[in-house]
Amino acid sequence: GQQVMQIPQYQHVQEGEDFTTYCNSSTTLSNIQWYKQRPGGHPVFLIQLVKSGEVKKQKRLTFQFGEAKKNSSLHITATQTTDVGTYFCAGPSGTSYGKLTFGQGTILTVHP
Amino acid sequence: NAGVTQTPKFQVLKTGQSMTLQCAQDMNHEYMSWYRQDPGMGLRLIHYSVGAGITDQGEVPNGYNVSRSTTEDFPLRLLSAAPSQTSVYFCASSYDEGSPLHFGNGTRLTVT
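Residue numbers (my numbering), protein chains in the order written: chain A, 1 to 112; chain B, 1001 to 1112.
The set of hints was computed from the structure by calculation and includes no laboratory data.
Quick reminder that beta carbons are idealized off the backbone N, C-alpha and C, glycines included.
A portion of the hints provided could be inaccurate.
[What the hints assert, rightly or not] Chain B regions said to be covered by chain A (calculated; three or more residues, Cβ under 8 angstroms):
#, segment
1, 1034-1044
2, 1102-1112
[Claimed, not checked] Under the rule of at most 27 angstroms between Cα atoms (straight-line distance), these lysine-lysine pairs were calculated in the DSS-like manner:
#, chain 1, residue 1, chain 2, residue 2
3, B, Lys1014, A, Lys99
4, A, Lys59, A, Lys36
5, A, Lys59, A, Lys70
6, A, Lys56, A, Lys99
7, A, Lys56, A, Lys36
8, A, Lys36, B, Lys1014
[Stated by the list, open to error] Over the 12 angstroms line for every Cβ pair with chain B, so calculated as not near, a few chain A residues:
#, residue
9, Gly16
10, Leu46
11, Lys57
12, Glu67
13, Lys70
14, Asp83
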């Protein structure tokens, strides 16, 4: 079945450093979604990418969808302590939009 | 507007007991789903529903039953709890398949 892999699993940064997490799918995705989960909280939707090569920005966050629509990345510029949490990518499984497959997530720790 | 409401927040069961995790949403969303979250494994889809009266299996359905008699409610039933079902369970809903998910606050279940 479809697999969605995320790297790295953990990332520790000093406040002000940049951070990037990568997401790779074993199959071509029709779209990809990104979520953030604060410690002890629930996942919260960040963004959805649909087009090949698409790049979207949300303040210090930059999201990219690969040309082949099999990979994606999330880059945070100048991390802040409020960025702490786990970042997940997720994509539909095959032709069933109902089956959203999540990556394992990247746990980001920001040291002040 | 409460969003997605899950009850209970915490539950401890003994092996072999049964219970129902409740999930309700007040956003008139057609799509609802249940995920379990275990350390290092991301979010895994248990069951999902694309509308009242329609349910389907996700990635890890064994040991769980669901039903969708109304648009608002999507309960998850554990028939005979096992220690392997110790996890955090999240219910999520969206306007339709492919739309961003809105998650509940989660239920932390421990099976001893």
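Consistency of the hints with the structure:
1. 1034-1044: holds (count 6)
2. 1102-1112: holds (count 5)
3. Lys1014/B / Lys99/A: violated, 31 angstroms
4. Lys59/A / Lys36/A: Holds - the C-alpha atoms of Lys36/A and Lys59/A are around 15 angstroms apart, at most 27 angstroms.
5. Lys59/A / Lys70/A: Roughly 25 angstroms separates the two Cα atoms, so the pair holds.
6. Lys56/A / Lys99/A: holds, 24 angstroms
7. Lys56/A / Lys36/A: holds, 16 angstroms
8. Lys36/A / Lys1014/B: violated, 33 angstroms
9. Gly16: holds, 28 angstroms
10. Leu46: violated, 9 angstroms
11. Lys57: Nearest chain B Cβ is 18 angstroms from Lys57/A, so the label holds.
12. Glu67: holds, 21 angstroms
13. Lys70: Non-interface label on Lys70/A holds, nearest chain B Cβ at 18 angstroms vs cutoff 12 angstroms.
14. Asp83: For Asp83/A, whose nearest Cβ neighbour in chain B is about 19 angstroms away, the distance exceeds 12 angstroms, so it holds.
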